[in-house]
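K.L.:
Here is what each chain is made of, one letter per residue.
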Amino acid sequence: MTAAEAGSDRELLRRYHEGGDLEAREQLIERHLPLVRSLARRYANRGEQLEDLVQVGSIGLIKAIDRFDVERGVELTTYATPNIIGEIKRHFRDKGWSIRVPRGLQELNVRLSQLLEGLTLELGRSPTIPELAEAAGVEEEEVLEALESGQAYATVSLSAPAGHGEDGELDPLESLGEVEHEYEVSEHRAVLAPGLDVLDERERVIIHLRFWEGLTQSQIAARVGISQMHVSRLIRRALEKVREEIGSGRGSPEPRT
Amino acid sequence: MARALSADSITLSIPHAKAYHGVARLVVGGLAARLALSYEHLEDLQLALESVLESDRYVDGDEVTVLLVVGSDSVVMEIGPLDPVALRESLDDAADGAISLARLLSTFVEEVSLEERGGRHRLRLEKRVPLTRPEPREPV
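Listed in order, the protein sequences are those of chains W and S.
The first sequence maps to residues 1 to 257 in this note's numbering.
The second sequence maps to residues 1001 to 1140 in this note's numbering.
Bound-form chain S, shown alone (with noise of 0.2 Å):
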C-alpha cells in the first residue's frame, strides 16, 4: 500500500560506486515530485549530489549516506563520511577561472557547510525552495 510522506528525513545509505549513484539521484527525484519542486530545483539538489559524489576525491570510504531533511522553505542534504582534507582544499579554492567544487555548490545551493560528527565529516547543502507540503497519496 502506498504511503503518504509522514517523516520530514529520508535517509539512504548506498554503496560508493557510480552505478548507484543512480539510486541516490532517482530518491531527490522521488521526494523532489513529492514536494512539488520545480524541474530546476531537482536539477540543482541533483546536480550538487553528483558534484560530490562523481569524484574520487571526497567520500572517505567504500559507502556514502545521503540525509535528505525538508524544512520550512529549505530542502537540507547532507553527504557523508568525506576527505575533509579534500573537501576543505575544494572549498576554500576561490580561484577566479577555476571551475572548483565551491563554484558548483554555490550555484546550486544556498548554503554549504562541512559538519563533523564523532570525527566523521559530512557536507551540509541547504537548498531553498518554495515548499508545498505533501498532501496524501490514494492508496493504490
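If we strip away everything but chain W, and leave its shape as in the complex, we get (with noise of 0.2 Å):
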C-alpha cells in the first residue's frame, strides 16, 4: 500500500470515528479485504472453507476499524492484522474440540499438556499417569480420560495457522524448511514415498523423526521447540491421514508380484 494510500486510510478513519461517517467505513472495509483474504489463505486446507475464514476474518478487521484509535501513529494494516488473524484462531479453537467434550476435560488436557513438558523435564523421563494425576491434582482415570478427550480435539485446530503453535506461539515447526536441509536428500525421498505424499511439511519432517529416525516424542518434542502432546497429535493425524490415502487407493503401492 503507498503513503497516499495509508494517507487516505488515516482520512477514513477519521470521517468515521470523529463524523460518524459510515460511508467510510465501509469503505475501510471493502478496501482491505484482500488483506483479510491473504491471510484466510494461509489457515485454508485445514478443514473450513476459505469463504468461511475470510467471513470471520472480516469480523477481525471491522472490530479493529471499529476500534482503532486515530491518535495512534500505526497504520490500520499494522493494527488489523493481529485483529484478523486472532478471530480467526479463535474460530479455530472454539471449533477445534467435539462439542461433546466437557469444557472441565478440555482444560484438563490443556494442563495436562503442560504438566508432561514440566514433569519431564523434572524427573528426566516420561512422567507416569498416576504421577500427572498427581501434578494435577486429579484422579488418574481423570487423567485417561482427558487424554482420551485429546482425541476428539479436532485435527483441524492442530494444523495450527501457517506461522503459529496451537498456543499462539511462533511454530518453530514453520521453519522446517530450513530444518529439512540438514536431512539427506535420500532420506528427505524416503518421506515422500506411498501414501506420505498426503502429508504437509511438517508432518512429514514429524513422520521421518519418529519412523526413519527413532526418535521418542519427546526427543522430538524438545527438537522442534513444540509439547510433546502436540506430536503425539501431529503423528495421529499424520497416520490418519496416511490411512486414508492408502484406503482410497491414490497411495497404494504398486501391487506385488
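Hints in this document: simulated from the structure, not taken from any laboratory.
Some hints here could point you the wrong way.
[As the list claims (entries may be wrong)] Straight-line alpha carbon distances no greater than 16 Å define the calculated EDC-like cross-link-like pairs of lysine to aspartate or glutamate that follow:
no.	chain 1	residue 1	chain 2	residue 2
1	S	K1018	W	E148
2	W	K63	W	E26
3	W	K241	S	D1056
4	W	K63	W	E30
5	S	K1018	S	D1060
6	S	K1018	S	E1054
7	S	K1018	S	D1056
8	S	K1127	S	E1078
9	W	K241	S	E1054
10	S	K1018	S	D1062
11	S	K1018	W	E244
12	S	K1127	S	E1110
13	S	K1127	S	E1111
14	S	K1018	S	E1063
15	S	K1018	W	E240
[As the list claims (entries may be wrong)] One side only, chain S facing chain W, incomplete, derived with CB under 7 Å:
no.	residue
16	A1032
17	A1033
18	A1036
19	S1038
20	I1099
21	T1107
Idealized CB from N, CA, C, for every residue including glycine.
Can you join these two chains into the complex? Each is in its own frame, and there are hints to help.
P.N.:
Listed below in C-alpha cells is the structure:
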C-alpha cells in the first residue's frame, strides 16, 4: 500500500470515528478485504472453507476499524492484522473441540500438556499416569479420560495456522524448511513415498523423525520446540491421513508380484 | 468396591467400529496407570493398537478382541481375529520409504508376530517396559 493510500486510510478513519461517517467505514472494510483474504488463505485447507475464514477474518477487520485510535501513529493494516488473525484463530479454537467434550476435560487436557512438559524436564523421563494425576490433583481415571478426550480435538485445530503454534506462539515447525536441509536428500525422498505425499511438510518431518530416525515423542518435541502432546496429535493426524490415502487407493503401492 | 488388579491378563471384546476404539484405548490406559507405565509407553501401546484397529484392511469380522497380558518385563497385546493375507502383506512390506504397518509396529513395540489358533489369526505385540507391580488400592 502506498503512502498516499495509507493517508487515505487515515482520512477515512477520521471521517468514521470523528464524524460517524458509515460510508467511510464501508470503504475501509472493502479496501482491506484483500488483506483478510490473504491472511485467511494461510489458514485454508485445514478443514474450513476459505470463504468461511474470510467471513470470520472480516469480523476481526471490522473490530480493528471500530477500535482504531486515530491519534496513534500506526497504520490500520498493522493494527488490523493481529485482529484478523486472532479472530480466525478463535474460530479454530472454538471449533477445535468436539462439542461433546465437557469444558472441564478440555481444560484438564490443556493442563496435562503443560504438566507433561514440566514433569518430563523435572524427572528426566516421561512421567507416569499416576504422576500426572498427582501433579494435576485429579484421579488417574480423570487423566485418562482427559487424554482420551484429546482424541476428540479436531485435527483442524492441530494444524495451527501457518506461522503459529496451538498456543499462539511462533511455531518453530514453520521453519522446518530450514531444518529439512539438514537431512540427506535420500532421506527426504523416503518420506515422500506412497501415501506420504498427502502429508504437509511439518507432518512429514515429524513422521520422519519418529519412524525413520527413531526419536521418541519427547525427543521430537525438544528438537522442534513444540509440546509433546502436540507431537502426539501431529503423529496421529498424519497416520490417519496416510490411512485414508492408502484406503482410498490413491496412495497404494504398486501391486506385488 | 474398587479392587486391585489381581489377574495378569485383561480380555476386551468390542464391536469393530471406530466409536468403540476409544474404549480399547481407555482400557490400555487403565492398565498403564496401574502398572505405572510412562506416558510415552502408553502412547506407543495405544498407537500400535490404533494402527491395527483403525485400518479397514486387517480386522476380520464385526468384532475384535484385545487381550492384554502383563509379563515380567513386558506388556503383550494380542489383537484378533485378523485377515492374515492383508496383515502378512503389510508386515512383509519392507520398502524403505513406505510407512507400512511393519514400520509403525516396529517403532512402537519390540516384538511383532502373527499367530494362528483354531484357524483364527491374531497379532501378538510385545512391548518391553519397566514394570512396577500394581499395589492394592484403597477401597472407595
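K.L.:
Would you pick out the hints that fail for this structure and give their numbers low to high?
P.N.:
none
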